[in-house]
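Number of protein chains: 2
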Amino acid sequence: LARIALDAMGGDMAPVAPIEGALLALSELDTGHTVQLVGRESEIVPAMDELLRGRLSGLASLRARLELVDAADVVTMSDKPTAALRSKPDSSLVKGLRMHAAGDADAFVSAGNTGAQMAASVVLLKLHNGLTRPAIGTPFPTAREPVIVIDSGANVDCSPAELLQFARLGSVYAEDLLGRTNPTVGLLSIGEEPEKGNAAVKEAHKLLAASDINFHGNIEGRDVIAGATERGPFDVVVCDGFVGNVLLKFYESVAPQLSRILVEAGVSPDVLERVFRTLDYSEYGGAPLLGVRGVSIICHGSSSPRAIKNALRAALRAVDTRMNEHIGRRLARPALEEV
Amino acid sequence: LARIALDAMGGDMAPVAPIEGALLALSELDTGHTVQLVGRESEIVPAMDELLRGRLSGLASLRARLELVDAADVVTMSDKPTAALRSKPDSSLVKGLRMHAAGDADAFVSAGNTGAQMAASVVLLKLHNGLTRPAIGTPFPTAREPVIVIDSGANVDCSPAELLQFARLGSVYAEDLLGRTNPTVGLLSIGEEPEKGNAAVKEAHKLLAASDINFHGNIEGRDVIAGATERGPFDVVVCDGFVGNVLLKFYESVAPQLSRILVEAGVSPDVLERVFRTLDYSEYGGAPLLGVRGVSIICHGSSSPRAIKNALRAALRAVDTRMNEHIGRRLARPALEEV
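Chains A and B, in that order, are what the protein sequence lines are. Each residue of the first sequence is one higher than the one before, counting from 31 in my numbering. Each residue of the second sequence is one higher than the one before, counting from 31 in my numbering.
Excised from the complex, chain A in its bound form (with noise of 0.2 Å):
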């Protein structure tokens, strides 16, 4: 049975988007699984029991799974993510984060700063071996399952050896939250041939076609909503964070863009709405920062009770999996084509 930390104070609709979404989650989740909402008690209560007396009147027995863990301060969107650590030690994201690197709690989740958890979460849980740095696996919403884009956005510059190492997280990410059987990794790059693409990419195709890992091969952009090439589908979509932050971004404007233009066209909202739920990432439950010694999920600052939720489930699912003790037998499997 897991205890999971929640920051109360991050995102932007915080502390009521947390507490929401930490009751949908309870009320989906097998009794004795606790969440710890970690923030300022004097703005979660009230924000609760209105939400309890409201329109979450019916899940007031759930109250009781709620652990309420006191944080007075709140790291912002503003704070710088390597400083917040140091100058910011009772905020709800640092407080959380070392919770779960005692042992008091089994994951942590958060919709506040980004950086900040990245920074802190590597300090407080420590990265595996073998890794300078950790990297973000995003669900991308497909015409088949969805597949995981890894590095979304923690690594800019990156070294082909590098994008092995995401190839090897991504691929126990999709087993152990996504379920897939010796999932297939593609390499994102501008044209199916090995030697297509820039020179981190070009060489990272060939420690890729040389490792353990079930490599499709290069995809391209056009391959990405599909799920898959003319070679079959694939599970995980290795590129640098740069390239994955700015298709990361790109998608998420698709549905809103395209949404005022076909409702201007006369379709539905109705039918739109339930069309563009089906790509819509928060579904899958935000985005486990990979290679920390810990489960450290990184939610969307717009996250939705929903999203909170879904991302609850994810952080449940990989305490479950033991996700993390996964990663460290893989990164530590000797690959002996590299050396």
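Fair warning: there could be bad hints in the mix.
Since the list gives no way to pick one copy over another, a pair counts as held whenever it fits inside one copy or between any two copies.
[What the hints assert, rightly or not] Straight-line C-alpha distance at most 20 Å; calculated EDC-like pairs for lysine to aspartate or glutamate:
(1) 232 <-> 242
(2) 236 <-> 225
(3) 156 <-> 134
(4) 279 <-> 260
(5) 279 <-> 250
Read the hints as simulated data drawn from the structure, not as lab findings. All of these numbers come straight from a predicted model, not from anything done at the bench.
Once you've looked at the hints, dock chain B against the given chain A.
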């Protein structure tokens, strides 16, 4: 009055699509403009006769404004780009470009092997001073007017100085082909702050801020389809050709993928066709290879007759506005801040 050389053998639907595109263009352009169809007369003539007896019978009078230039050979998609010029001197691609280089044509348009067109254009037309490679600017449809994404695939690993040159090339493109006055240039990055981005982008930000460019600052992936940030609209998006190519191919895949899902959800295919037509970048007529001393327009291999027609119109506009000379002046402009 301009003469535009068109590669009649280039593209998946050659020679029919080029012939049809040429006739459609002539039906819209002022009399006196000529299209030179370069390719195997033995294939062009029967195809043209069939078109003019069939669905284009109304355009039979335009045949006189089509000049046929026989070329015995064809560069295929599998030909090595750098080898085509030497190995296939009698191909439609090489012959058409030679006509332009010799002044017997005012521009060249092809939907054939893009790499071969680039390589042959650089050798035969030469680059403007100060450039080491040409760049491809592609119009991206947005919620506003289209924006030019440059580079969209010709250059992978780009230096900050090259990104600055793309900004200059893209600005001239936006002025001359899209009619923008004092176009603004956004630098594609992963955050709006100048210190966000990879190493090349961060350095390019400094060069752009100190240059003669009307610099909008950084833009993010989510801003591209909007065509604007909170600071206002932009006309040009500068990025390296790896990112640009991934984004372009991703964007191209959105309409077909979403159409399928939306039709399944009950949306009328007619409505979708109408909406997605506004997102069809072939509307804007190919992508000029920027930086060569001439007008070499690159079309998608799958170009429809309408796309070819629009590419011919873009070529004519580039000739009319003297875009090539304009680029030469722009690149030569002293920019003291950069020295």
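Evaluated hints:
For the identical chains of this complex, residue 232 and residue 242 are intra-copy neighbours only, at 18 Å inside a copy versus 35 Å across copies, given an alpha-carbon limit of 20 Å. Only within a single protomer do residue 236 and residue 225 lie at most 20 Å apart by alpha-carbon distance; the minimum there is 10 Å, versus 32 Å between protomers. Proximity of residue 156 to residue 134 under the C-alpha cut-off of 20 Å is restricted to the intra-copy arrangement: shortest distance 16 Å within a copy versus 67 Å between copies. Taking the closest pair of Cα atoms, residue 279 and residue 260 come within 20 Å of each other only across two copies (15 Å); inside a single copy the shortest separation is 26 Å, beyond that limit.
Taking the shortest alpha-carbon separations for residue 279 and residue 250, both the intra-copy value of 17 Å and the inter-copy value of 7 Å come in at or below 20 Å.
Hint violations for this structure: none, all hints satisfied.
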